[in-house]
Amino acid sequence: MVELSHDSRPIIGRGPPLGATFVALATASIALMVADVRYGQLEQIRGWLNSAAYPLQLAIDLPFRAWDWLTGSFADRDRLQQENLALTARLRLADLQLQRFAALEQENRRLRAMRASSAGVAKRAIVASILNVDLDPFRHRVLLDRGSADGVFKGQAVLDAQGIFGQVWRVNARTCEVILISDAEHAIPVQSNRSGVRTIAVGTGDPNRLSLPFVTGESDIRKDDLLISTGMGGVFPPGYPVARITKVERTAQATFAIVEARPTAALDRDREVLLVWFDAPAPMTGPAAAGPQPANPQPVPAGTTPAPGPSASAPAPTTTEAAGTTPAHGPATSTPAPSAPAPSQATPPGGEVAPAPEQSTPAPTTSAPEATTEPGAGG
Amino acid sequence: MRRGMFGRRILYWFSVAVGLALAIVPLPGWLDAMRPDFALLAVIYWILTSPRVAGLWYAWLAGLFLDVLRGMVLGQYALGFLVIAFLTHRLQLRMRMFPIPHQAAAVLLLLVLYHFIVFWTDGLTGHGYTGWNRWLPVLSGALLWPLIVAAGDTLVRRSR
Chain A
1202 MVELSHDSRP IIGRGPPLGA TFVALATASI ALMVADVRYG QLEQIRGWLN SAAYPLQLAI
1262 DLPFRAWDWL TGSFADRDRL QQENLALTAR LRLADLQLQR FAALEQENRR LRAMRASSAG
1322 VAKRAIVASI LNVDLDPFRH RVLLDRGSAD GVFKGQAVLD AQGIFGQVWR VNARTCEVIL
1382 ISDAEHAIPV QSNRSGVRTI AVGTGDPNRL SLPFVTGESD IRKDDLLIST GMGGVFPPGY
1442 PVARITKVER TAQATFAIVE ARPTAALDRD REVLLVWFDA PAPMTGPAAA GPQPANPQPV
1502 PAGTTPAPGP SASAPAPTTT EAAGTTPAHG PATSTPAPSA PAPSQATPPG GEVAPAPEQS
1562 TPAPTTSAPE ATTEPGAGG
Chain B
94 MRRGMFGRRI LYWFSVAVGL ALAIVPLPGW LDAMRPDFAL LAVIYWILTS PRVAGLWYAW
154 LAGLFLDVLR GMVLGQYALG FLVIAFLTHR LQLRMRMFPI PHQAAAVLLL LVLYHFIVFW
214 TDGLTGHGYT GWNRWLPVLS GALLWPLIVA AGDTLVRRSR
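If you read the protein sequences in the order shown, they are chains A and B.
If you read the first sequence in the working numbering, its first letter stands for residue 1202, the second for the next number, and so on.
If you read the second sequence in the working numbering, its first letter stands for residue 94, the second for the next number, and so on.
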């Protein structure tokens, strides 16, 4: 190591004075951080820099993709046949169910029309694949291969076949960064499909666990309840499965029960996900009123039209247009809890008590679409 | 000489690019947490070897690029890289006289400082993760240092 290179011949003595450069660059980095965090001014610059980073990300993704392709194309016949059989069987089942749901959907639409509301049903979806790139070991973010060129916008909902996956956090020209619902900085408003109780599911940093910190001891939440999205805040379409309750612990002293849930989406195994566009729920709709009686009118998110703007004019040339077919998996998506007698839990408790990171009160007084995530540092 | 310098410059940037690529290559979970900071180690090595060519700008730009790749707050890693580069420049005359294990210990201290800066800015910007395993890269980086030196010396000898 003790090789002295030709360019540092004056062995004794320092190189050029560095103090001034150091101070200038340190100031520059601090200014960058402040501008980024406080004012969010750097989208443009970040966009340019990201275009420079894109080739590197692609280069890293390529070998993995090539390997997938190779193993895929040399898969042996037997396996393919078996897979084919299994898929055919599943398709038949799904078709059967679809027949039933078609009728239900008709009915649902009619009922909604009677109430003059267009609830959030996915209008359009494009498939995006997750780039094989590790962003940060302690944050649950992934990079998708779709960007603003495909009409992706910030705050867009990302789903997979089994449930809600996350939302778009940052959009670049060709890629976008998604924050998963299991990220410790993410919170999503949910509702129990069985009882209609509404609350907030907060990520824990573990892909198999969400935590529900605002469930009171009395509220009607049981193990194995399916949690669906409420659509409040306007980020996620209402009525999609989010998680299943795995643990409920109530103690007599504590106000809040300890509740945990397991996301239904395959957060750590997915290769491909769906970016969806949906109609923002009009006032007085969605699960907010999806209970049996919409009797007590609840306060409605003031400005919940997240941003269908870019989607309306989205070019989206190579998309697989799945018009309305994406929620096909969801018997759960249609009408949650027709038997629930208690629409009384208007606002999940604890909105005011909300401790550290989620000041996004569960009450629909929040208006911004970002309200569901990271109110602390986001703005 | 002139051409040699140019070749050197390419070598510096290329090695940092490899380090940056290694920073986002997918790894299994347990390895991911202890992934060494390859890019920073490369920067330290080049500053020690040829401080006249690998300067503060070099380190700062490498850090900025890491910010972009990781999608973090812009300027966070850039600041970390900059501070470490500055200190390495200051300690350079001493550090290159150290035997390798001693040098690895010095690198360990630099890495602790670097991760402290990152941790601190993380906390200031509200992303704080306080688990113990965020300090693992310090250890893995210091353990990797002899290998980095060996690889770098080989490269330098080849490029002569």
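One thing to keep in mind: the hints can contain errors.
What the hints assert, rightly or not - Pair ranges (Cβ atoms, derived):
no. : chain 1 : residue 1 : chain 2 : residue 2 : range
1   : B       : Leu206    : A       : Leu1299   : 20 to 30 Å
2   : A       : Trp1270   : B       : Leu115    : 57 to 67 Å
3   : B       : Leu186    : A       : Ala1374   : 43 to 53 Å
4   : B       : Trp213    : A       : Glu1284   : 46 to 56 Å
5   : B       : Phe99     : A       : Ala1221   : 25 to 35 Å
6   : A       : Gln1363   : B       : Trp225    : 43 to 53 Å
7   : B       : Phe209    : A       : Asp1407   : 50 to 60 Å
8   : B       : Leu201    : A       : Glu1419   : 46 to 56 Å
9   : B       : Trp225    : A       : Asn1409   : 14 to 24 Å
10  : B       : Leu217    : A       : Ala1221   : 17 to 27 Å
11  : B       : Val205    : A       : Thr1289   : 29 to 39 Å
12  : A       : Ala1362   : B       : Leu120    : 48 to 58 Å
13  : A       : Leu1294   : B       : Phe107    : 47 to 57 Å
14  : A       : Leu1294   : B       : Leu217    : 46 to 56 Å
Worth flagging that the hints you see were computed from the coordinates, not collected in a lab.
This one's a predicted model, so the numbers in the text were calculated from it and none came from an experiment.
We put the beta carbon where it would ideally sit given N, CA and C, even for glycine.
Hints, one by one, checked against the model:
1. Leu206(B) / Leu1299(A): 20 to 30 Å: About 60 Å separates the Cβ atoms of Leu206(B) and Leu1299(A), which means 20 to 30 Å is violated.
2. Trp1270(A) / Leu115(B): 57 to 67 Å: violated, 23 Å
3. Leu186(B) / Ala1374(A): 43 to 53 Å: The hint (43 to 53 Å, Cβ to Cβ) holds, given that Leu186(B) and Ala1374(A) are roughly 45 Å apart.
4. Trp213(B) / Glu1284(A): 46 to 56 Å: holds, 51 Å
5. Phe99(B) / Ala1221(A): 25 to 35 Å: holds, 26 Å
6. Gln1363(A) / Trp225(B): 43 to 53 Å: For Gln1363(A) and Trp225(B) the Cβ distance comes to about 33 Å; the hint is violated.
7. Phe209(B) / Asp1407(A): 50 to 60 Å: Given about 26 Å between the Cβ atoms, the range is violated.
8. Leu201(B) / Glu1419(A): 46 to 56 Å: Once the Cβ atoms are compared, 54 Å apart, the range 46 to 56 Å for Glu1419(A) and Leu201(B) holds.
9. Trp225(B) / Asn1409(A): 14 to 24 Å: Given about 21 Å between the Cβ atoms, the range holds.
10. Leu217(B) / Ala1221(A): 17 to 27 Å: holds, 26 Å
11. Val205(B) / Thr1289(A): 29 to 39 Å: With Cβ atoms ~58 Å apart, the hint is violated.
12. Ala1362(A) / Leu120(B): 48 to 58 Å: violated, 27 Å
13. Leu1294(A) / Phe107(B): 47 to 57 Å: Taking Cβ atoms as reference, Leu1294(A) and Phe107(B) lie about 54 Å apart, which means the hint holds.
14. Leu1294(A) / Leu217(B): 46 to 56 Å: This hint holds: roughly 53 Å between Cβ atoms.
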